[in-house]
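So the chains spell out like this:
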Amino acid sequence: MRNVAIVGVGYCPVFVSKRNDVSIPEMISEAIHNAYLNCGLTPENVDAFTFGNMHTFEGVNMPHLWSIDHLTALGKPIMRIATGGTTGMSAFHCAYYHVASGLYDVVMTITFEKHSEGDAQVGLAGIITPEIMTVLSLGIDLTGGSGMGGLGGGSAGGISFQATSYLHHSGAGIEHIDAQAALERRNAAKNPYAHLKDPECTAEKIAQTPLVSYPIRYGHICPTTDGATVCILASEDKAAKIADKAAWIHAVANCTTDATTGNLIEGLITDPAEQMSCQLAAKRAYERAGIEDPRKEIDLVEIYNGFAHQTLMFLEKLGLCEVGEAHKMLERGETEIDGRLPVNASGGVVSTNSIGTSALNRVTECALQIMGKAEGGHQVPKKVRKALAHGWGGLMQYNTVTILGDAPLKR
Amino acid sequence: MDEKVAVVGINYAQGDDLGLTRERLCFQTVKGLLVQLGIDRHAIDSFILASNDFLEGRTISNVFEDGPVGAYLKDETKVEMDGINAVVYGALRILEGSYDTVMVVAHSLCGHQVSPYLQVQYSLDPTYDRQLGLLNELSGAALQARSYLRRNGLDEGWLDQAAARELAAGAANEKVTRPLQGMDEGKVGSSPFLYEPLRELHCYPPTDGACAIVLASAGKARELTDKPVWIKGFGSSIDSYYITHRDLTVSSSAAEAARRAYAMAGITDPEVQIGLAEISGLFAHQTPMLIEALGLAPEGEAPRGFAQGSFGREARLPVNPSGGALSAHPVCATGAVRVAEAFRQLRGEAGAVQAGEPRLAVAHGQDGLCMQQNTVLVLGI
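Quick mapping for you: the protein sequence lines, in order, are chains A and B.
Residue 1 is where the first sequence starts when you use my numbering, and the numbers rise one by one after that.
Residue 1 is where the second sequence starts when you use my numbering, and the numbers rise one by one after that.
Don't read these hints as lab results, they were simulated from the structure.
A few of these clues could be false.
Said to hold, decoys possible - BS3-like, lysine-lysine: derived pairs with alpha carbons at most 30 Å apart: (1) A:Lys410 x B:Lys4; (2) B:Lys4 x A:Lys283; (3) B:Lys220 x A:Lys283; (4) A:Lys238 x B:Lys4.
Using the sequences and the hints, build the whole thing.
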């Protein structure tokens, strides 16, 4: 296998609730244009494309077909990937395999979501509709407590079970989720490509937002965002010629577990905070990247956190701290932009969630931090040598991990 | 590409109503293949699914297959395209070096649960094309059929011949949706119009189906089978969305995909070197168009080839001895089934539909309105 680098990143100019001024293909093409500007490449340089979004959110089936004329990809190979919340990183991994195979030198990953043209909660609730139908057909009452997970609306209802379990096992309290959300809103204020920004946000302010489904408050939840992100990958030889700065891919890994309704409805079968697939994906990624002690070697983390408790929970699951330690790291300020281990300096998914892009943004944010190109004041002061990007999704049981470095991995 | 990635086993099922849930269908298909290879799920490093959330009726549908296909606690991803692209992705993963085995599983239930035409309708521009309804899979295919007929000076009855040829081939294949016995031009020509000039039997049948394929690295392949079928090359390409921007009488993206695949496989004269083709022609005119695009006949010459029997089971270059997509089209699985059919032929295991002793085969899959996107894979033994 050969080394692969990220040589270019492009975002659409803003990530906001409603991009009424552009269509889906126009919004994507903005990010593509910016990616080319970012690294000085032109469409002729790109050998192949990968493409990701979740089409149930806008209701356009396989939208790469409709938007192809605006992707600079006519006549090129293009592969569409869709795996849920992780789609952006899954499409990125697909691009990595394209280059690492030795067959393609430069590959572009294109992701987007334009939530304002659809309804994310309807799409998400649709995940378990067949399960609900089955349960109802068996005569099981879903109107009581056990049904809340399924019927609480999209993912927020079900996620409350995960958050409760996390709090129970870690010893953290709801106030820590408030503080984590506040930290990310403040970080987002420094990121020009973030959606919900509040430079003065505090835990107290978040605590005043309404409770949606205990312990999840309105202020703990991601927005639905319109946005597009593009990433350009290149082989080692090519990167040396075309890139002034690059972030190197040291490992990609991905793991799933069985999706059962039990995950969602009161964790009857598995604990939705166990996240075995995250633990396994991280383990495989560390092995492939030659990382022996992630707590010492990883300098920066971007975690997929549709909900604020997940930042803390996944820090533990990724092996970056002991169980029950993440909220203490938060209390000590270690995860701030200028902390020992900056976590979600970008503001995370909880501040910006255009779903197709969200898991890719974790990777591109790590890459920009390594290159020293993070804009708007969210560049961390410390030197970033190795960074970990995490993606989460599926029916709460699907995780992706990417580890980046500031130099190619010696293989 | 020399002997680096092999197809070591295939298993598939197709029918107009298999009477199975998606989960059961995928489980049976994968389990059957594991048993056939004498391995269990732990021998598989990576899973690549090909399905479409729109057809599944739920978002993130891949996670519900993770249990049935045995992917839990393993690496699984989903290509939301025709399954032949999942085979390509599997090959890329093996070439990368982290994985020795990949299980590709492609499926859909379009036989009776979902109208297959909807998935193309919902892929159209949502503001103009979809709302007006004038442009849809059938009307697009009908325009394309007329363009092809006119360019080649053929009348509509010629479509009856082209369809009858494939349906007659499929009659011998126990694995297809409509093994119509005694099919001839007259019977095809008396089927009702779906969209002029296309009649029902010129068009693919709604089909349930799943196809599982195990790919392996060279070393692993020889452990798993005595007769590995090697992936020699692949390529894909895509045309403009706007059919007004395309020449509908040819498929330039299929031609480009084939050029890439042949270059990788070191094929310089496909018409001579290729010994078998399995092509996803969803409508009667598409198979001849694709025969030309894939360089298996000069442009405009496929109809003459049909008339001379050049692509029959007994010919030197059999095309779709399986009956092709006109005999079964499980959306998403169709291209993977083409790979599976080529695999059977190359190993001499195609039974009643065996077409000689091919050494080199080409398989093709497509997505989109009027074959917008095409992928070509070259296999050899």
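Do the hints match the structure? See the list:
1. A:Lys410 x B:Lys4: 24 Å, holds
2. B:Lys4 x A:Lys283: Satisfied, since the Cα-Cα distance of roughly 28 Å is no more than 30 Å.
3. B:Lys220 x A:Lys283: 24 Å, holds
4. A:Lys238 x B:Lys4: 24 Å, holds
Consistency with the previously given hints is maintained throughout, with no hint failing.
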